[in-house]
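A.B. asks: Generate the whole structure from the sequences, applying the supplied hints.
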Amino acid sequence: MVSVGRHSRWLYAVAGSGVVLGLFSYFQSEKKVVHNAWTTNFEPSRKWDFNWDKRDYSHLINDKSNEDAKKVKPTARRHIFLIRHGQYEEQAESDDKRRLTATGRKQAELVGQRLKELKFNYTRMVRSTMLRAQETSNIILENFPDLPKEDCDLLKEGAPIPPEPPARNWEISDETFLKDGPRIEAAFKKHFHRADVDQKSDSYEIIVCHGNVIRYFILRLLQFPPEGWLRLQLGHCSITWVVIGPSGRAGVNAIGDVGFMPKELMTG
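Mapping of the sequence shown onto full-length UniProt numbering: position 245 corresponds to residue 245, and the numbering continues sequentially without gaps.
No lab work stands behind these hints, which were simulated from the structure alone.
Glycine included, each C-beta is placed from N, C-alpha and C at the ideal position.
Possibly wrong hints are sitting among the right ones.
What the hints assert, rightly or not - Simulated restraints on C-beta separations:
# : residue 1 : residue 2 : range
1 : Glu90     : Ala254    : 38 to 44 Å
2 : Leu147    : Met266    : 41 to 47 Å
3 : Pro165    : Lys263    : 26 to 32 Å
What the hints assert, rightly or not - Cut-off 20 Å, straight-line C-alpha distance, at most; resulting in silico cross-link-like pairs (EDC-like, lysine to aspartate or glutamate):
#  : residue 1 : residue 2
4  : Lys97     : Asp53
5  : Lys73     : Asp95
6  : Lys156    : Asp96
7  : Lys190    : Glu150
8  : Lys106    : Glu117
9  : Lys116    : Glu227
10 : Lys116    : Glu135
11 : Lys190    : Asp53
12 : Lys54     : Asp257
13 : Lys263    : Glu109
14 : Lys156    : Asp95
15 : Lys179    : Asp153
16 : Lys97     : Asp174
17 : Lys149    : Glu90
18 : Lys156    : Glu264
19 : Lys156    : Glu93
20 : Lys156    : Glu135
21 : Lys119    : Glu109
22 : Lys189    : Glu157
23 : Lys119    : Asp95
24 : Lys190    : Asp96
25 : Lys179    : Asp95
26 : Lys200    : Asp96
27 : Lys189    : Glu150
28 : Lys190    : Glu205
29 : Lys156    : Glu175
30 : Lys54     : Asp196
31 : Lys179    : Glu205
32 : Lys106    : Glu90
33 : Lys179    : Glu142
34 : Lys190    : Asp56
35 : Lys156    : Asp174
36 : Lys189    : Glu142
37 : Lys97     : Glu157
38 : Lys73     : Asp49
C.D. replies: Next comes the structure, spelled out in structure tokens:
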């Protein structure tokens with residue numbers, strides 16, 4: 001009788017396992033999702049919702065091939081530049097006293113110059129009504145004295161949604177989320193949508209507001225899980241540039257850009 005050594009038994013066990021795995025793979029071949037690598041998962045976890053802003057023209061008419069379809073189909077793009085306010089006096093006792101620091105004012109000057117250097121024909125500025133955002137926007141507007149401006153209370157800073165993972169050093173009550181969340185979501189729905197059908201050329205808008213608000217906007221626009229907003233970091237007076245196409249597609253050209261500032265002015 002031929003004796004089977006310990007190593008041989010180990011080899012037979014490995015070979016047997018391979019056969020079992022091979023048979024399992026064969027009988028599971030009808031499945032289209034492969035989980036052994038991110039790059040081989042051929043089924044998206046979430047398909048793009050083209051009607052995310054409830055303005056998809058294909059949902060407004062029955063026959064998309066007739067002439068009426070052209071009357072309700074947008075053709076222009078919207079470019080939105082989201083600017084976080086400059087550094088401010090965080091230790092002040094209330095928001096109405098939290099003014100920009102000297103560094104914050106310099107940051108605002110530089111972001112205003114940067115926006116001017118881009119040489120876009122900006123159509124308007126929308127800004128939060130909080131003091132630090134107002135001061136930042138006023139400094140930016142020195143470069144665009146004729147630019148129409150609009151104040152929006154919905155853009156005030158707040159806590160949009162419970163973050164995942166939870167914040168480690170920041171305790172936020174459920175009441176705060178219940179108060180701030182609907183307001184910030186309302187701000188998103190008000191300011192983020194595809195162009196109106198009567199807009200014939202691309203538009204370029206500036207929104208000056210706050211870090212939490214911008215982070216939430218980015219994830220909502222990209223249809224990413226919004227509870228991940230706290231994972232993003234945005235510097236003071238950083239530029240986040242988003243684009244909304246006429247089809248409902250949306251993308252980001254830049255997130256938190258501060259490359260136009262010297263290192264000593266990069267704060268967050």
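A.B. asks: Hint by hint, say whether it matches the structure.
C.D. replies: Hints, one by one, checked against the model:
1. Glu90 / Ala254: 38 to 44 Å: violated, 26 Å
2. Leu147 / Met266: 41 to 47 Å: Check failed, 26 Å falls outside 41 to 47 Å.
3. Pro165 / Lys263: 26 to 32 Å: Hint holds: Cβ distance 30 Å, inside 26 to 32 Å.
4. Lys97 / Asp53: With a Cα-Cα distance of about 36 Å, the restraint between Lys97 and Asp53 is violated, given a limit of 20 Å.
5. Lys73 / Asp95: violated, 43 Å
6. Lys156 / Asp96: holds, 12 Å
7. Lys190 / Glu150: holds, 13 Å
8. Lys106 / Glu117: holds, 16 Å
9. Lys116 / Glu227: violated, 34 Å
10. Lys116 / Glu135: Answer holds: Lys116 to Glu135 is near 18 Å, not above 20 Å.
11. Lys190 / Asp53: holds, 10 Å
12. Lys54 / Asp257: violated, 30 Å
13. Lys263 / Glu109: holds, 15 Å
14. Lys156 / Asp95: Given pair Lys156, Asp95 holds - Cα atoms ~10 Å apart, limit 20 Å.
15. Lys179 / Asp153: At roughly 13 Å apart (the allowed maximum being 20 Å), Asp153 and Lys179 satisfy the hint.
16. Lys97 / Asp174: violated, 26 Å
17. Lys149 / Glu90: violated, 26 Å
18. Lys156 / Glu264: With Cα atoms ~27 Å apart, Lys156 and Glu264 exceed 20 Å; violated.
19. Lys156 / Glu93: Satisfied, since the Cα-Cα distance of roughly 17 Å is no more than 20 Å.
20. Lys156 / Glu135: Cα-Cα ~14 Å, so holds.
21. Lys119 / Glu109: holds, 16 Å
22. Lys189 / Glu157: holds, 16 Å
23. Lys119 / Asp95: violated, 33 Å
24. Lys190 / Asp96: Since the Cα atoms of Lys190 and Asp96 sit roughly 25 Å apart, the hinted pair is violated (cutoff 20 Å).
25. Lys179 / Asp95: holds, 17 Å
26. Lys200 / Asp96: Not satisfied, since the Cα-Cα distance of roughly 40 Å exceeds 20 Å.
27. Lys189 / Glu150: holds, 16 Å
28. Lys190 / Glu205: holds, 14 Å
29. Lys156 / Glu175: Roughly 17 Å between the alpha carbons, so the hint for Lys156 and Glu175 holds.
30. Lys54 / Asp196: holds, 12 Å
31. Lys179 / Glu205: Measuring from Cα to Cα gives roughly 27 Å; hence the hint is violated.
32. Lys106 / Glu90: Between Lys106 and Glu90 the Cα gap is close to 17 Å, so the pair holds against 20 Å.
33. Lys179 / Glu142: Distance ~34 Å between Lys179 and Glu142 Cα, so the pair is violated.
34. Lys190 / Asp56: Given that 20 Å is the threshold and the Cα spacing comes to 16 Å, the pair holds.
35. Lys156 / Asp174: With a Cα-Cα distance of about 18 Å, the restraint between Lys156 and Asp174 holds, given a limit of 20 Å.
36. Lys189 / Glu142: The hint is violated at about 29 Å.
37. Lys97 / Glu157: Cα-Cα ~15 Å, so holds.
38. Lys73 / Asp49: holds, 17 Å
Violated hints, listed in ascending order, are 1, 2, 4, 5, 9, 12, 16, 17, 18, 23, 24, 26, 31, 33 and 36; each of the other numbered hints is respected by the structure.
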